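> Construct all of the structure, not just a fragment, from the sequences and the given hints.
For reference, the chains in residue letters:
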Amino acid sequence: MKNRLKVLRAERDWNQSDLADALGISRQSVNAIETGRYDPSLPLAFRIAALFKMPVEAIFEDA
Amino acid sequence: MSKSTSPAIRRYLKRLLGFMSIYLVLIFVVGYLFRNHPPVGLLAWPLAVVPALPIIGVIWTIFRLLREETDEYMRTLFIRQALFATGFCLTIMTTWEFLQNYEVVSNDRHGFGATFIWFIGLGLGAVVNCRDTMRVES
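The listed protein sequences correspond, in order, to chains A and B.
Position 2 of the first sequence, counting from 1, maps to -6 under the working numbering, and the rest follow consecutively.
So the mapping is simple: the working numbering equals the position in the second sequence, first residue as 1, plus 285.
Be a bit skeptical, because a hint or two may be false.
Covered by chain B, per the in silico footprint, the following chain A stretches (three or more residues, Cβ under 8 Å) [what the hints assert, rightly or not]:
hint : region
1    : -4 to 8
2    : 27 to 33
Derived DMTMM-like pairs (lysine to aspartate or glutamate); straight-line CA-CA distance at most 25 Å [claimed, not checked]:
hint : chain 1 : residue 1 : chain 2 : residue 2
3    : A       : -6        : B       : 357
4    : A       : -6        : B       : 353
5    : A       : -2        : B       : 417
6    : A       : -2        : A       : 26
Every beta carbon over 12 Å from chain A, so not counted as near; a handful from chain B, in silico [stated by the list, open to error]:
hint : residue
7    : 294
8    : 301
9    : 304
10   : 317
11   : 321
12   : 322
13   : 329
14   : 333
15   : 368
16   : 384
17   : 388
18   : 408
The set of hints was computed from the structure by calculation and includes no laboratory data.
Just so it is clear, the structure is predicted and the values come from calculations on it, not from any experiment.
Just so it is clear, CB atoms sit at the ideal spot from N, CA and C, and this is done for glycine as well.
Now the structure itself:
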């Protein structure tokens, strides 16, 4: 699954640790999601969407 | 301990240290008793099993980590590590068993046992996870 996490994070001038802290997850998790090595669960995807105030499908798309 | 270490991992490390410390004491005490004052009859059974208890505690500790870790990606890595260890252990033990079945190796040879092999597999699983994580970050 592709995602726009890295772009959205960069637009807000956040590093991976900032995003990880905001989501309550590890920096490794953020990295794995950004690089497409790990697809987050539905609850985590909704938490990410809520943080960026966007719908889930605007962040994640089926590759 | 680093700030990035999750509370679940901190609890895991504390429990692991506790059980391994107990194990080290018990293995020497029970070993001493069996060498110098061998228990007889029914007493020998529970006494011989006592050193296994902290090892069971370590296994419990590992599975508590899988339950308590709230970071889903890290939990996935730990689960993969445990599955790797299980596969590694079953592979070694099955191979060893057939070597024994066909009497290529002696049946009375004392080995380290399945748990020891499983822990080696856990270590190898950590290396595999580490390699994959580094590949992600490169």
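> Hint by hint, say whether it matches the structure.
Do the hints match the structure? See the list:
no.	hint	verdict
1	-4 to 8	violated (count 0)
2	27 to 33	holds (count 5)
3	A:-6 <-> B:357	holds, 19 Å
4	A:-6 <-> B:353	violated, 29 Å
5	A:-2 <-> B:417	holds, 20 Å
6	A:-2 <-> A:26	holds, 6 Å
7	294	violated, 10 Å
8	301	holds, 20 Å
9	304	holds, 25 Å
10	317	holds, 44 Å
11	321	holds, 50 Å
12	322	holds, 51 Å
13	329	holds, 48 Å
14	333	holds, 42 Å
15	368	holds, 16 Å
16	384	holds, 39 Å
17	388	holds, 47 Å
18	408	holds, 19 Å
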